[in-house]
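**Student:** Below, each chain spelled out in residue letters.
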Amino acid sequence: MRPAPEKLFDEHHRAVFGFIYRLTRREDLAEDLTQESFLAYMRSPERFDHRRGSVKTYLFAIARNLVLKQYRDHRAEAPLEEDRLQEADRNFDTALSIAVELAIAALPHLQQEALILFTYEGFTLEEIASVTGSEVGTVKSRLHRARENLKRSLAPYKPVGEPHV
Amino acid sequence: MFENDELTDRELDYLLKQWHAPGAPEGLGRFLLGPPKPWYSRLWTASIRIPLPVAAVMLLLLGFLVVQLRRAELPPAAIENAPLGFKELHPVAEFKPRIIRGASADN
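Protein chains in written order, with this note's numbering: chain A, 1 to 165; chain B, 1001 to 1107.
If you are wondering where the hints come from, they were derived from the structure by calculation, not from laboratory data.
In this text the structure is predicted, and so the values were computed from the model without any measurement.
Treat the hints with care, since some could be wrong.
The list that follows gives simulated cross-link-like pairs (lysine-lysine, DSBU-like), each with its CA atoms no further than 35 Å apart [stated by the list, open to error]: (1) B/Lys1017 <-> A/Lys69; (2) A/Lys158 <-> B/Lys1017; (3) A/Lys151 <-> A/Lys7; (4) B/Lys1087 <-> A/Lys56; (5) B/Lys1087 <-> A/Lys140; (6) A/Lys151 <-> B/Lys1017.
Restraint ranges, calculated between C-beta atoms of paired labels, are given here [what the hints assert, rightly or not]: (7) A/Asp49 <-> B/Val1057: 33 to 43 Å; (8) B/Ile1048 <-> A/Ala95: 48 to 58 Å; (9) B/Val1057 <-> A/Arg47: 33 to 43 Å.
Just so it is clear, CB atoms sit at the ideal spot from N, CA and C, and this is done for glycine as well.
Build the full structure now, drawing on both the sequences and the hints.
**Tutor:** Structure, rendered in structure tokens:
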């Protein structure tokens, strides 16, 4: 049974918006692509096949495809790193947040999406595999490489003392 | 303040949590779903899912209650004088007609 669009939107729009925002780092784009993701589902709900995954992973797969299309069509429109670094200089409170944002943005795209889905959206490896159309082992490997890369690139921000996670 | 060694998993998790994404804008769904409706308008379209066995039991109980209530409402005489069916009707064994004269017939 397919869920009603209103219910689906209520339950998932924040997560889909967050996912797209973290991939594109632009609020206006995240807003547009979140709307497009739900619109795509509402136009052709019959395309969703519950045997291939949950409606959540189906929505995230739509969002992912829209982001990839955006990358292909408008590659130059991502926020400039210099602008973000200047913002970090102006505001010490957001400096660490921006440093993490830039370090993740520097990762290869497939590593980025695996890390964002796992770390920020709480997806399992199986769910990430369903969203990205990959094998679970491949996702695991991408996630591992992403974390190893970040351990190196974020080393200058190593917290002093034991962090409270 | 910071050291330049590679991070541990715990330290990396801590740093990753420092990146806060903005929340989704409030009016995001307006374009897709239209303006928000008052809560009471949902009363006309809301639905609940009931398992079939539960629904069947509830229907049976409802039917039983209706019959009981109707019986309680009828006076005992009404039950006794309830209309007869064809099964209760028998052919007359001996036909004895009685002529009842009205008061005006005596005149």
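**Student:** Of the hints stated earlier, which fail here?
**Tutor:** 3, 4 and 5
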